[in-house]
Amino acid sequence: MRPFTYLSAPDVTTALRAIATEPGARLLAGGTNLVDLMRQDVERPTTVVDISTLPLDEVQELPAGGLRIGALVRNSRLAAHPAVRSRYPVLSQAVLSGASGQLRNMATVGGNLLQRTRCPYFADGTAACNKRDPGSGCAAIGGFHRGSAVLGTSEHCIATHPSDMAVALVALDAVVEVQSLRGTRRIPLAELHVLPGDTPDVETALDPDELVTAVELPALPVAASSRYRKVRDRASFAFALVSVAAAMEVADGTVTAARLALGGVAARPWRAHLAERALVGAPATEEDFRRAATAELATAVGRPQNAFKIELARRTVVATLHQLTTEGGAA
Amino acid sequence: MTRAPERSRPAPPTPSPAQAVGRPLDRVDGPAKTAGLARYTADHHVPDLAHAALVHATVARGRITGLDTADAEAVGGVLAVLTHHNAPRMTPPAPVSALDLSTLAPGTTVDYLNTDRVHWNGQPVAVVVADSPDTARQAARLVRVTYEVEPAVTDFAAAQDDAVPLRGTLLVLGEERTGDAERALATAPVVVDHRYTTPAQSHHAMEPHATVAVWNGDRLTVHEGSQDVDWARRHLARRFGVPLAGVRVLSPHVGGGFGGKAPVWAGTVLTVLAARATGRAVRMVLSREDVIRTVGGRTPTVQRVALGAQRDGTLTALLHTGVSQVGRVGGTPEPVGSQSRHLYAAPHIWIRHSTTTLDVLPTAHMRAPGEAVGTFALESAVDELAVALGMDPVELRMRNEPDRDPLDGKRFSRRDLRAAYARGAERFGWAERTPSPRSMRDGHWLVGRGVATAFHLPVRLPADVTVRLRADGTVLVRCAFHEIGVGAATAQTQVAADALGVPVEAVTVEHGDTELPVGPQAGGSGQTASVATALLEACEELKRSVLALARRSPSSPLRGRRLSELRAGRGGLYRADAPDRGETYGVILTRAGRAEIEVRTAAGTRLGRTLQQARAAAGWFRDRRRWVRAVTGAHFCEVRVDEHTGEVRVSRWLGVFDVGRVVNPKTATSQLRGGIVMGIGAALSEETLVDPRTGRTVNPGLAEYHVPVQADLPRIEVDYLDEPDPTTPLGLLGVGEVGITGVAAAVANAVHHATGVRVRDLPVTLDRLL
Ligand SMILES: Cc1cc2nc3c(=O)[nH]c(=O)nc-3n(C[C@H](O)[C@H](O)[C@H](O)COP(=O)(O)OP(=O)(O)OC[C@H]3O[C@@H](n4cnc5c(N)ncnc54)[C@H](O)[C@@H]3O)c2cc1C
Ligand code: SF4
Chain A
1 MRPFTYLSAP DVTTALRAIA TEPGARLLAG GTNLVDLMRQ DVERPTTVVD
51 ISTLPLDEVQ ELPAGGLRIG ALVRNSRLAA HPAVRSRYPV LSQAVLSGAS
101 GQLRNMATVG GNLLQRTRCP YFADGTAACN KRDPGSGCAA IGGFHRGSAV
151 LGTSEHCIAT HPSDMAVALV ALDAVVEVQS LRGTRRIPLA ELHVLPGDTP
201 DVETALDPDE LVTAVELPAL PVAASSRYRK VRDRASFAFA LVSVAAAMEV
251 ADGTVTAARL ALGGVAARPW RAHLAERALV GAPATEEDFR RAATAELATA
301 VGRPQNAFKI ELARRTVVAT LHQLTTEGGA A
Chain B
1 MTRAPERSRP APPTPSPAQA VGRPLDRVDG PAKTAGLARY TADHHVPDLA
51 HAALVHATVA RGRITGLDTA DAEAVGGVLA VLTHHNAPRM TPPAPVSALD
101 LSTLAPGTTV DYLNTDRVHW NGQPVAVVVA DSPDTARQAA RLVRVTYEVE
151 PAVTDFAAAQ DDAVPLRGTL LVLGEERTGD AERALATAPV VVDHRYTTPA
201 QSHHAMEPHA TVAVWNGDRL TVHEGSQDVD WARRHLARRF GVPLAGVRVL
251 SPHVGGGFGG KAPVWAGTVL TVLAARATGR AVRMVLSRED VIRTVGGRTP
301 TVQRVALGAQ RDGTLTALLH TGVSQVGRVG GTPEPVGSQS RHLYAAPHIW
351 IRHSTTTLDV LPTAHMRAPG EAVGTFALES AVDELAVALG MDPVELRMRN
401 EPDRDPLDGK RFSRRDLRAA YARGAERFGW AERTPSPRSM RDGHWLVGRG
451 VATAFHLPVR LPADVTVRLR ADGTVLVRCA FHEIGVGAAT AQTQVAADAL
501 GVPVEAVTVE HGDTELPVGP QAGGSGQTAS VATALLEACE ELKRSVLALA
551 RRSPSSPLRG RRLSELRAGR GGLYRADAPD RGETYGVILT RAGRAEIEVR
601 TAAGTRLGRT LQQARAAAGW FRDRRRWVRA VTGAHFCEVR VDEHTGEVRV
651 SRWLGVFDVG RVVNPKTATS QLRGGIVMGI GAALSEETLV DPRTGRTVNP
701 GLAEYHVPVQ ADLPRIEVDY LDEPDPTTPL GLLGVGEVGI TGVAAAVANA
751 VHHATGVRVR DLPVTLDRLL
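Chains A and B, in that order, give the protein sequences.
At position 185 of the first sequence the residue is numbered 185 (UniProt numbering), and the sequence of numbers has no breaks.
At position 367 of the second sequence the residue is numbered 367 (UniProt numbering), and the sequence of numbers has no breaks.
Be careful, since some hints might not be right.
One-sided and incomplete, this derived list gives chain A residues near chain B with beta-carbon spacing under 10 Å [unchecked claim]:
(1) R2
(2) D36
(3) P120
(4) G125
(5) A127
(6) L241
(7) V242
(8) F308
I should point out that these hints are in silico values taken from the structure, not numbers from a laboratory.
Where a beta carbon is used, it is the ideal one built from N, C-alpha and C, also for glycine.
Just chain A, same shape as in the assembly (with noise of 0.2 Å):
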């Protein structure tokens, strides 16, 4: 690792001064994430900004309802809280289902959503990658690329987000608060992570000198019935190759609403709108589940070693619809 300048940032505003003044500035959250780049020589900070001692680590009620998740809530406390627990289930399993208890610990709810994609090319320093490299080529097409993305990718990079806690928050309808010295604004989280096009560097709808301060879920009634299905490798400790985020109320047979995402595919959570579409007002069967993933994954493309995905995904929507359906949400 190369050598860098390290500042515990007293307050919020010490560390946004130092994001927009040094542009080689990192911050730290659990660095769970940037400490392995950094390792790696793919992330090479001048400054790296400690953030994890700031005040942004409660989960509080708000006063229509939802909850305001401070940016460095541990990932375990989020998976924990009895409100998230009870209230989104599916964040609660997706927290849980990713990485280690240890790494859980560690992570952040702001260095969840902004960590790096896992494409093994990326983090080699000697293969041509044009997210790290802008301009390089992608060493993923025509090389490895199973757990690579088939949906809104480009000819320039096919790489996944990977992280499963972002799956069930673009599912809810999460909005992320950022702040700068120029203020404070807020993106939906449908919004925060943009897909490659032709500029695979760009990962995020963020500016370099902002800083995270917090997801909020609005009131949602139908995410108590909610699950997250997460289909990998391994049982536990592996990314996911496919994941999907639900949350379904039936009446009389009938879908009444829908939320549904995908993980593992694209390079951002994928929210399944034209799914949802699908399947609000038409009869819970797995047929007409199968139609609404179908409908979805109209546009995926397959490569020779991933296309496998785009079956995994549609039956992994079904199963978990089937599922919501039969079982309910699981707390």
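The hints should help you fit chain B with the ligands onto chain A, whose structure is shown.
Just chain B with the ligands now, with coordinates in the frame of chain A:
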């Protein structure tokens, strides 16, 4: 743990409480390890220690044309950047010779840092020495290397067609045949004939490779995680041109080896080189990535297994051919047909091994080289034949169980697979399995059950030991064998305690140090039996010497007795016919005015050792001509496959093994269970991804190289026949490797039973089942 055997064999002797062998004793090194007191290589601190880090080549083949080390050298704390321009010259590795197995020590023939040639993507091309490990690593990143790139062969799949059949030698399994298998296959009423593939795998022992090197003039002390300290010592003495006697290698505790720490890889040589060049003591602890790029792993294989049978299941033909990969600068082929020579009574058998040569990191041994992946192909094919015949896979195997070796009619020193299968089938409830695929389920889980045979040929190696008996009744056993986590020292404690009739607490065992008598490699599942053989011999000799002392005294109750009339026990020698007549070692030694008495097997001299090696080798070859000395087992497993997603979960496991006498059921069970865990990893998830375009491994870490985690593993039951092998001292064979063999096939067979999908390519990932 042990049960009465189903067949009419003599029941295993139930160990009496006084007997240590056969008891599940706790490890003697357990307290030190659990308290963090056991020192592994990286724990060794010596004064004035410097630290080294590797710089790896980033091309597969070519020549180094430029090395810019200025930035690295400018980093504060950097002591040296060693490259082929400034590194001290070393003597190249010796050519491999069957007469001196230590010539196998270097994993590669590369003259690290003494050459501008690059032979694989990842070969070390520079070493940075600094006053802290972090500084060394940081500076290593700053070394810039340019290459003249040459065309390289880096795609195993594409290189298969260029594979060359191997000629058999003493060290390499080549072609073997009996009858005319092709012809028998062509006329067989029922035939299965398929291609199976297994991927490359990397060594991921818990403890990464590490070395501490200290020079004192021409004397060299090396702390090293090693499975063969004698190889390490000989190799380093040669490469650095110093007298063998001045080189000491210490390796008291090793955090797992699996074959990866038997050879001497770049990290070791370059740490010693760095210490030589800088005049400092140097430590290098490899990162996971360093290990993956410089320590050879298991070759990928492509295998063909063809079986011909009568409709009643009698095998008529068995063909097993396989291609494995070696590096252009070294590598060991994988004898995938090993078990196929011995497992089934087919009259026509043809085994052939070929290798193809790539510009990649040389392949190396990994737990059960040959059988680990060979059994996947063979035991899958046997299952496929059972399906084709509509026959129970256990019954098919039993129908073809040979009485003598199918290739040349040799006898098996012992073999009772029938009993293993019978016991396993009963314990596992095999009869409840409904034969047709997709016929068992539990909710959305498709349930499948599979079996496969485990098979391994443990080796036997020479060993020197000394045994010292003190007047206070304590015993010291010394032998440079290796404690790689298996309980090796515990086993020898038990053997010595029984042989001398002393409590285990009285025995201390020293190991892992070239100052001790030369021990065997921790490899080939042979270490415990090899050391025990020498140890038993030494204990006999020791008792003879003690008796001689006793007989000199007119008052000794042992006067006039021969050793064969005596039993060792209660800390001394007693008459077999009158167990209360005898005396303790303490009494005998004290009376003779001796504080202690020591014996050693073989001579400490070079000649003595050569003679002993020759004797051992001759014995081994004689035995090989006479017997097939193998360990076997029957794996029973149950898997659950998610009918929607294809996720596979192993839900039950039982392995029943025939491994000869079990010295310590606790540690032996750990070995076998560990082998099964490793086999489940190979079955379901492990794979080194080598980019065929560059020859570069793209998953050089444990986040992306998926070994099983706890949640992937069911409760694994291990059972033994526990019958001594009649041809070995104490009846020991070897347990280290057989556990992994057959596992991947058992899983794939169970997956087929669950889903109806036959997967012939490892690992069995869910995309293959959708
Ligand atoms: C072996 C392994 C397995 C894993 N498995 C999974 C998995 O299965 N599923 C999963 O979802 N994740 C997984 N993870 C990833 C893990 O969840 C992330 O590393 C973690 O959530 C990152 O959080 P952090 O606080 O440690 O982030 P950091 O490493 O501190 O930061 C990550 C990035 O976010 C930026 N950042 C942090 N906080 C803020 C903020 N408030 N505002 C703006 N920018 C910020 C940092 O500058 C940095 O660029 C795994 C990680 C490892 C190492
Ligand atoms: S997929 Fe994206 S991250 Fe991966 S190599 Fe291509 S450009 Fe880089």
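Query raised in the report: Are P120/A and chain B close enough, Cβ to Cβ, to be under 10 Å, as the hint says?
Result: At 4 Å from the nearest chain B Cβ, P120/A passes the 10 Å test, so the hint holds.
Query raised in the report: Going by Cβ atoms only, is R2/A closer than 10 Å to chain B?
Result: 6 Å, holds
Query - Minimum beta-carbon distance criterion (10 Å), G125/A to chain B - result: At about 9 Å, which falls below the 10 Å cut-off, the nearest Cβ of chain B leaves the hint on G125/A intact, so it holds.
Query raised in the report: If you take the shortest Cβ to Cβ gap from V242/A to chain B, is it below 10 Å?
Result: OK, holds: V242/A within 10 Å of chain B, min 8 Å.
**Report entry** Interface hint status, D36/A versus chain B (Cβ within 10 Å)
**Finding:** 8 Å, holds
Requested in this report: Have a go at the F308/A hint: is there a Cβ in chain B nearer than 10 Å to its own Cβ?
Outcome: Check passed: Cβ of F308/A comes within 4 Å of chain B, closer than 10 Å.
Query raised in the report: Quick one, is the A127/A hint okay against chain B at 10 Å, beta carbons?
Result: Holds, about 8 Å.
Query raised in the report: Can we keep the L241/A interface hint, with Cβ of chain B closer than 10 Å?
Result: Hint holds; L241/A Cβ to chain B Cβ min 7 Å, cut 10 Å.
Of the hints listed earlier, there is not a single one the structure fails to meet.
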